[in-house]
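Student: Chains as they are written, first to last, in the working numbering: chain A, 1 to 359; chain B, 1 to 119; chain C, 1 to 289; chain D, 1 to 105.
Hints were generated in silico from the structure; no laboratory data involved.
Possibly wrong hints are sitting among the right ones.
Only pairs whose alpha carbons sit at most 27 Å apart, straight line, appear in this in silico DSS-like list of lysine-lysine [what the hints assert, rightly or not]:
#1 A:51 to A:30
#2 D:32 to A:283
#3 B:40 to A:236
#4 A:134 to D:89
#5 B:52 to A:239
#6 D:12 to A:181
#7 A:283 to D:17
#8 A:47 to A:30
#9 D:17 to A:181
#10 B:20 to A:205
#11 B:52 to A:236
#12 A:178 to D:88
#13 B:55 to A:239
#14 B:52 to A:47
#15 A:165 to B:38
#16 B:55 to A:51
#17 C:146 to C:59
#18 C:266 to A:194
#19 A:313 to B:38
#20 D:88 to A:313
#21 D:89 to A:283
#22 A:51 to D:58
#23 B:20 to A:47
#24 A:205 to B:11
#25 A:3 to C:266
#26 A:51 to D:54
#27 D:32 to D:89
#28 A:283 to A:239
#29 A:205 to A:165
#30 A:47 to D:54
#31 B:38 to A:51
#32 A:313 to B:40
#33 A:283 to D:12
#34 B:52 to B:40
#35 D:54 to A:313
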Amino acid sequence: MSKRTIIPFGPQHPVLPEPIHLDLVLEDEKVVQAIPRIGYVHRGLEKLVEKQEYANMVYVAERICGICSFIHAQTCSQAIEDLLPIEVPERALYLRTIWAEMSRTHSHLLWLGLMADAFGFEALFMHCWRLREKILDMVEDTAGGRVIFGSCKVGGVRVDIEDAKLKDIVIQYNDLEKEIKEITDVFVEDYSVKHRLVDVGVMSKEDAHVLGAVGPTMRGSGVAKDMRTLGYAAYKYLKFEPVVETAGDCYARTKVRIREVFQSIDLIRQAVAQIPGGPIAVKVTGNPTGSSFQCVEQARGDVAYYLKANGTKNLERFRVRTPTFANIPPLLKMLGGCELADVPVIVLSIDPCISCTER
Amino acid sequence: MIMRHEDIAIKIQPEELVGKVSGLQGDGCRLVQIACSKTKENNFELVYSFEKDYKFCNLTFEVPPDAEVESISSMCFSAFLYENEIHDLFGLKIKHIAVDFQGTLYETAVKYPMSVETK
Amino acid sequence: MTTTAITAIIVILYLIGAPILGGILAGLDRIITARMQGRYGPPVWQPFYDVLKLMSKEKAAVNKTQNFYVFCFLLFMIFTGAVFFAGGDLLLVLFALTLASIFLVLGAFSSNSPYSFIGAERELIQTMAYEPMVLITAAGMYLATKSFFVADIAAFSTPLIYYLPGIFIGFVYILTIKFRKSPFDLSTSHHAHQELVKGLTTEFSGPTLAMIEIAHWYENIFLLGIVYLFFAFNPLLGVIVALLTYFLEILIDNSNARVTWQLTMKSAWIVAATLGMANLIIVFFKLSV
Amino acid sequence: MAFLKLAGTVTKRMGMKSACYMYPVVAREFTKTTRGHVELDSADCIYCGLCQRKCPTKAIEVNRQEKNWTIQPLRCIVCSGCVDVCPKKCLRMENTYSSSVTSKF
Numbered sequence: 001m002s003k004r005t006i007i008p009f010g011p012q013h014p015v016l017p018e019p020i021h022l023d024l025v026l027e028d029e030k031v032v033q034a035i036p037r038i039g040y041v042h043r044g045l046e047k048l049v050e051k052q053e054y055a056n057m058v059y060v061a062e063r064i065c066g067i068c069s070f071i072h073a074q075t076c077s078q079a080i081e082d083l084l085p086i087e088v089p090e091r092a093l094y095l096r097t098i099w100a101e102m103s104r105t106h107s108h109l110l111w112l113g114l115m116a117d118a119f120g121f122e123a124l125f126m127h128c129w130r131l132r133e134k135i136l137d138m139v140e141d142t143a144g145g146r147v148i149f150g151s152c153k154v155g156g157v158r159v160d161i162e163d164a165k166l167k168d169i170v171i172q173y174n175d176l177e178k179e180i181k182e183i184t185d186v187f188v189e190d191y192s193v194k195h196r197l198v199d200v201g202v203m204s205k206e207d208a209h210v211l212g213a214v215g216p217t218m219r220g221s222g223v224a225k226d227m228r229t230l231g232y233a234a235y236k237y238l239k240f241e242p243v244v245e246t247a248g249d250c251y252a253r254t255k256v257r258i259r260e261v262f263q264s265i266d267l268i269r270q271a272v273a274q275i276p277g278g279p280i281a282v283k284v285t286g287n288p289t290g291s292s293f294q295c296v297e298q299a300r301g302d303v304a305y306y307l308k309a310n311g312t313k314n315l316e317r318f319r320v321r322t323p324t325f326a327n328i329p330p331l332l333k334m335l336g337g338c339e340l341a342d343v344p345v346i347v348l349s350i351d352p353c354i355s356c357t358e359r
Numbered sequence: 001m002i003m004r005h006e007d008i009a010i011k012i013q014p015e016e017l018v019g020k021v022s023g024l025q026g027d028g029c030r031l032v033q034i035a036c037s038k039t040k041e042n043n044f045e046l047v048y049s050f051e052k053d054y055k056f057c058n059l060t061f062e063v064p065p066d067a068e069v070e071s072i073s074s075m076c077f078s079a080f081l082y083e084n085e086i087h088d089l090f091g092l093k094i095k096h097i098a099v100d101f102q103g104t105l106y107e108t109a110v111k112y113p114m115s116v117e118t119k
Numbered sequence: 001m002t003t004t005a006i007t008a009i010i011v012i013l014y015l016i017g018a019p020i021l022g023g024i025l026a027g028l029d030r031i032i033t034a035r036m037q038g039r040y041g042p043p044v045w046q047p048f049y050d051v052l053k054l055m056s057k058e059k060a061a062v063n064k065t066q067n068f069y070v071f072c073f074l075l076f077m078i079f080t081g082a083v084f085f086a087g088g089d090l091l092l093v094l095f096a097l098t099l100a101s102i103f104l105v106l107g108a109f110s111s112n113s114p115y116s117f118i119g120a121e122r123e124l125i126q127t128m129a130y131e132p133m134v135l136i137t138a139a140g141m142y143l144a145t146k147s148f149f150v151a152d153i154a155a156f157s158t159p160l161i162y163y164l165p166g167i168f169i170g171f172v173y174i175l176t177i178k179f180r181k182s183p184f185d186l187s188t189s190h191h192a193h194q195e196l197v198k199g200l201t202t203e204f205s206g207p208t209l210a211m212i213e214i215a216h217w218y219e220n221i222f223l224l225g226i227v228y229l230f231f232a233f234n235p236l237l238g239v240i241v242a243l244l245t246y247f248l249e250i251l252i253d254n255s256n257a258r259v260t261w262q263l264t265m266k267s268a269w270i271v272a273a274t275l276g277m278a279n280l281i282i283v284f285f286k287l288s289v
Numbered sequence: 001m002a003f004l005k006l007a008g009t010v011t012k013r014m015g016m017k018s019a020c021y022m023y024p025v026v027a028r029e030f031t032k033t034t035r036g037h038v039e040l041d042s043a044d045c046i047y048c049g050l051c052q053r054k055c056p057t058k059a060i061e062v063n064r065q066e067k068n069w070t071i072q073p074l075r076c077i078v079c080s081g082c083v084d085v086c087p088k089k090c091l092r093m094e095n096t097y098s099s100s101v102t103s104k105f
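This is chain A alone, in the form it adopts within the complex (with noise of 0.2 Å):
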């Protein structure tokens, strides 16, 4: 018998990080629909191809998230020199590798800080970033960007990584382990956490698979599906399993990048281990004709780039689908019939990037 309100959920709220809509149907505090709406920073960025040159297209892909920023510009490389076609050195697909898995461990753990925050953890939150800040640091030592790594390029890497460096990452990768264990330790084992997140947004794994859910999102439902397994760049030459959970909770999805968090410093010490010497880019030549599609695991699931070209120094077509934007559907399942008091938790489990999904 209770009286229906609509809470207007964002664009602009405390707790989401980018501008999303949600006009929220409750009942007292249970929320009976969700309806989205996006389009509040639609950029243009994919209408960009007609003015920009193919390998400045690189500079605006890396620019597309501040997060997965380095998969942006790897994923537009590849697809490039697909195009051309161009073959990358092995030392430059190494240092991808390991430039995109330092991406990844700084996104998860910004991930993760948002999340405490999203259930009212401040502290949580301020420690999560506190290491994620080493992360940034050593990126930037390596990069000469923080967020935006600004180190690839069609044809290979734009700076090399001296071999002394590669193991100082991973001994600061060593001594950085304990420390995140510490902290992930709070997000699986403390009560209030849990309490938070177990049984909060169940996404079965059928709904996973027919809704197009990716990443850890798809994961924490049970399906074990990490376009990394594709064998791009480096990681045909590195051992790693997709992290699965199968209870398909909010509690499963930050379980996964947790362990993702771990998996990726792992990935580090495989690759800097094996990394061969040589050429760090071959030079580009040609204009790019045809089309390539290229599917890469970014921290928020896997990005699909579809370039067209036509053969002269402008490509035709620069489709990007980002991983939020296949998520968004399986995010409205996951809203209904939840509590109003999980609805941050909710929305910021599938780890929303707007800015990403709008280019």
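Got chain A sorted already, so can you dock chains B, C and D onto it with the hints?
Tutor: Coordinates of chains B, C and D only, in the frame set by chain A:
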């Protein structure tokens, strides 16, 4: 990893789309993305990407700009966002979208900024 | 000097001192919290700067009654503390406290914003959650000292904590709700970083918000006053325990997520029913035999 | 059931140095590779305009006749693309951020 679109593309006719998609759905394929682009002849080329066990398959077909395409969101609910996006950016009409934003998903300053007319 | 004169001096001291003390406490809270989170934190006077700035802001209210309710909230909060520190009736004190918080809830309801509306509903649920324990505290103090008057309770020669350890723990538990600290900062939190924005106080701004802040300082000092009562046999120990309790609350705030209202309600009542009631029954039999 | 899992960490942190530093009172340390801002050694510059053409945000303006090279720091996205193409290697990437300004251009 080399994945040329040409290698995984399957050319179909616009009318076949719904049948093909429901077949792929039945096989347990997952919708990866839908992309629209212009062709040299000022037509729209649509690419529906599906994936199963890391094997990709792109359904492609061309339609004239004033054509109407049937939505696949009744089978793949997640298609509704892609279809709204294609409508808002390219101006291609898509019928029977599960959640139709009626052109308000992206309210761009230039209507249909990537359409063939505004070249 | 007569007792009335002394009482009057204490009340005046409270009226002037409580907001200053409460503000400093809030400032220390922010510094300690910052240190716990690995930050520097603001200067200790920051809460005063905040309130002064709020005072200077434009008066923007959704409607006129809102400000009236908030004013009543402040007034009754001061009244609560004044009666308490004057050594008055503990029952009157506790019901005046409830009345004060009801005025704040009314103020939030009157603004018609869905956020403050749900915040107000949650505040009522919270009131329901902590009220049994508050009443048990009063009853326990009465059973132990045979008086409802704060002056008599404070002058009681045996340490009250000796009789009421369970009630003390239970009271500290609900103190987390009253201080609006994690895990129970449901209706409004210090950071405006929850699903209800700032819940109860979303629609208040400028001088009105400053009044709420000042009322909270009065409230905090009064609540720590109750903690002090448990150790009133030794004033120095009482103050130390009150401060330690506040520190404990900060520690709890920094190591807990915000829980749902269902758990708040359940746990507060379980604490009241077990620790509070058991203690009450034991005291009853011990003192009557 | 573990309560207060973070209590140990937060108590430990109380006795430790803050993880933040008081910027700008304490200066920030830049690494050798940090991309801060673009600088020109105008003595070597031949005003070829390659950097202007390569710049993705059109932040650089080169005038060959007047021998003029200007950059709009607020448009620059510090991608270092101009530094890579400069034929005379007279463009440098400094590792300090460009200083704050009060007006846009």
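Student: Against this structure, judge whether each hint is valid.
Tutor: Consistency of the hints with the structure:
no.: 1; hint: A:51 to A:30; result: violated (48 Å)
no.: 2; hint: D:32 to A:283; result: holds (26 Å)
no.: 3; hint: B:40 to A:236; result: violated (38 Å)
no.: 4; hint: A:134 to D:89; result: violated (33 Å)
no.: 5; hint: B:52 to A:239; result: holds (22 Å)
no.: 6; hint: D:12 to A:181; result: holds (16 Å)
no.: 7; hint: A:283 to D:17; result: violated (48 Å)
no.: 8; hint: A:47 to A:30; result: violated (41 Å)
no.: 9; hint: D:17 to A:181; result: holds (21 Å)
no.: 10; hint: B:20 to A:205; result: holds (24 Å)
no.: 11; hint: B:52 to A:236; result: holds (19 Å)
no.: 12; hint: A:178 to D:88; result: violated (48 Å)
no.: 13; hint: B:55 to A:239; result: holds (21 Å)
no.: 14; hint: B:52 to A:47; result: violated (30 Å)
no.: 15; hint: A:165 to B:38; result: violated (47 Å)
no.: 16; hint: B:55 to A:51; result: violated (34 Å)
no.: 17; hint: C:146 to C:59; result: violated (48 Å)
no.: 18; hint: C:266 to A:194; result: holds (17 Å)
no.: 19; hint: A:313 to B:38; result: holds (17 Å)
no.: 20; hint: D:88 to A:313; result: holds (25 Å)
no.: 21; hint: D:89 to A:283; result: holds (18 Å)
no.: 22; hint: A:51 to D:58; result: holds (11 Å)
no.: 23; hint: B:20 to A:47; result: violated (30 Å)
no.: 24; hint: A:205 to B:11; result: violated (31 Å)
no.: 25; hint: A:3 to C:266; result: holds (25 Å)
no.: 26; hint: A:51 to D:54; result: holds (12 Å)
no.: 27; hint: D:32 to D:89; result: holds (18 Å)
no.: 28; hint: A:283 to A:239; result: violated (31 Å)
no.: 29; hint: A:205 to A:165; result: violated (42 Å)
no.: 30; hint: A:47 to D:54; result: holds (18 Å)
no.: 31; hint: B:38 to A:51; result: holds (16 Å)
no.: 32; hint: A:313 to B:40; result: holds (16 Å)
no.: 33; hint: A:283 to D:12; result: violated (53 Å)
no.: 34; hint: B:52 to B:40; result: violated (32 Å)
no.: 35; hint: D:54 to A:313; result: holds (12 Å)
Comparing the model with each numbered hint stated earlier shows that hints 1, 3, 4, 7, 8, 12, 14, 15, 16, 17, 23, 24, 28, 29, 33, 34 do not hold.
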